[in-house]
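Number of protein chains: 2
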Amino acid sequence: MEIKNGGIMMRIITISREFGSGGRELGKRLADALGIPCYDHEIMDMVAEKYGFDKNYISHVSEKDIRVFYPTTIAHRLIAPHLMTQQSVSIAVSEHQLIQELAQQGDCVIVGRSADIVLREMNPMNIFVYADWQSKLNRCKNRADGSEHFSEKEILKKMKQIDKERAAYRSLFCEKDWGKKESYHLCINTSGKEIKALIPAVADYVRLWFGQE
Amino acid sequence: MEIKNGGIMMRIITISREFGSGGRELGKRLADALGIPCYDHEIMDMVAEKYGFDKNYISHVSEKDIRVFYPTTIAHRLIAPHLMTQQSVSIAVSEHQLIQELAQQGDCVIVGRSADIVLREMNPMNIFVYADWQSKLNRCKNRADGSEHFSEKEILKKMKQIDKERAAYRSLFCEKDWGKKESYHLCINTSGKEIKALIPAVADYVRLWFGQE
Chain Y
1 MEIKNGGIMM RIITISREFG SGGRELGKRL ADALGIPCYD HEIMDMVAEK
51 YGFDKNYISH VSEKDIRVFY PTTIAHRLIA PHLMTQQSVS IAVSEHQLIQ
101 ELAQQGDCVI VGRSADIVLR EMNPMNIFVY ADWQSKLNRC KNRADGSEHF
151 SEKEILKKMK QIDKERAAYR SLFCEKDWGK KESYHLCINT SGKEIKALIP
201 AVADYVRLWF GQE
Chain P
1001 MEIKNGGIMM RIITISREFG SGGRELGKRL ADALGIPCYD HEIMDMVAEK
1051 YGFDKNYISH VSEKDIRVFY PTTIAHRLIA PHLMTQQSVS IAVSEHQLIQ
1101 ELAQQGDCVI VGRSADIVLR EMNPMNIFVY ADWQSKLNRC KNRADGSEHF
1151 SEKEILKKMK QIDKERAAYR SLFCEKDWGK KESYHLCINT SGKEIKALIP
1201 AVADYVRLWF GQE
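Chains Y and P are the protein sequences, given in the same order.
Counting with the numbering used here, you get residues 1 to 213 for the letters of the first sequence.
Counting with the numbering used here, you get residues 1001 to 1213 for the letters of the second sequence.
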């Protein structure tokens, strides 16, 4: 089923990404190139504002706290109640509701938040962004501000941990694995490449994929 | 190290593909869009002609006979001699030599033949083409001529077998797995899509990837 808004097919693009691969930058730049909004961290702020949660707490549990009970029709694994916290349940449900509301408003790019699964009934185009360890390490080092002093080993450990959490979060309500190419329509390896330089072609690809050119 | 020919960086694109995903068509059309040659089945004919092998026999062993000994610097797994045939060794070595010669002549697209590994010192751009089972099945049915009558079950079995052989062939001389996104620069899911419609964007992506735009 293709969801249409006023007769025009909606272009919903989701970006899943390995930590340090430049996926967030790719999402933002792609949205700019297509002239549509991009939702990333903003989603957490919106959830906090709309549902009255504490912003810092949301930031802590979102995509990190895998002890989430997800009692909707798209859930297929229910986690044992003793592993859950009521608030993390509420946040996940609120976040997913907001993602659906945002997508129903019109074309957009959504980064992370397992949006490819949350929105699957809207037939989004799902992109996965990845890179080799060295490129991800370089990207993390370049974007760290002067006050952060982590060793390469510490950064690598953190990168692996975050990707593991993303995969675990997704696995709660979807059988298709996070990061496996079969779960996505296009997988982009950014190793050694500038994201900015690739954007015009990625934007073209998205337009052609939605048959709007 | 970037191999250059007359001072211009060479654009070598390799296409690896799941059987039935449309990878061959994508390779041919991409080469046309870029105005460069595409080598696919022709390679086997050239090997037969150049080295005096029987065409039918080559067609039988190429990418199918995994009992190949590959005694060059890029080999990392040597198969027990009792599993080899001398002729399959000769054919694989000849094929790989020819692929290197073709690539050194100038920009080109090479489909299959583990060209991404054979040419890795020339820094090719490596694309993987895949699709879901239903799309691959439909593609296989559509391209079968009237004289072929296979059941869906038979086609699926054949598809799996061919992909398995491709993966096994590659595994002889490379640690990076066939079909894993980490082994490629771009992975394109053709499920439910017309290859032709996607080509302009893929060609753009290749041009940008090589920094020639």
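Read the hints as simulated data drawn from the structure, not as lab findings.
Cβ coordinates follow ideal geometry from the N, Cα and C atoms, glycine included.
Take these hints with a grain of salt, some might be off.
Stretches of chain Y that chain P covers, calculated by requiring three or more beta carbons in the stretch to come under 8 Å of a beta carbon on chain P [unchecked claim]:
1. 127–138
2. 187–195
Selected chain P positions facing chain Y (in silico; Cβ < 7 Å) [what the hints assert, rightly or not]:
3. ASN1138
4. ALA1197
5. LEU1198
6. LEU1208
Heads up, simulated DSBU-like pairs for lysine-lysine below, C-alpha to C-alpha not over 35 Å straight-line [as the list claims (entries may be wrong)]:
7. LYS1164(P) with LYS157(Y)
8. LYS1193(P) with LYS180(Y)
9. LYS180(Y) with LYS1050(P)
10. LYS176(Y) with LYS1160(P)
11. LYS176(Y) with LYS1196(P)
12. LYS176(Y) with LYS1157(P)
13. LYS196(Y) with LYS1157(P)
14. LYS180(Y) with LYS1160(P)
### Query
In ascending order, which of the hints set out earlier in this document are inconsistent with the structure?
3, 9, 13
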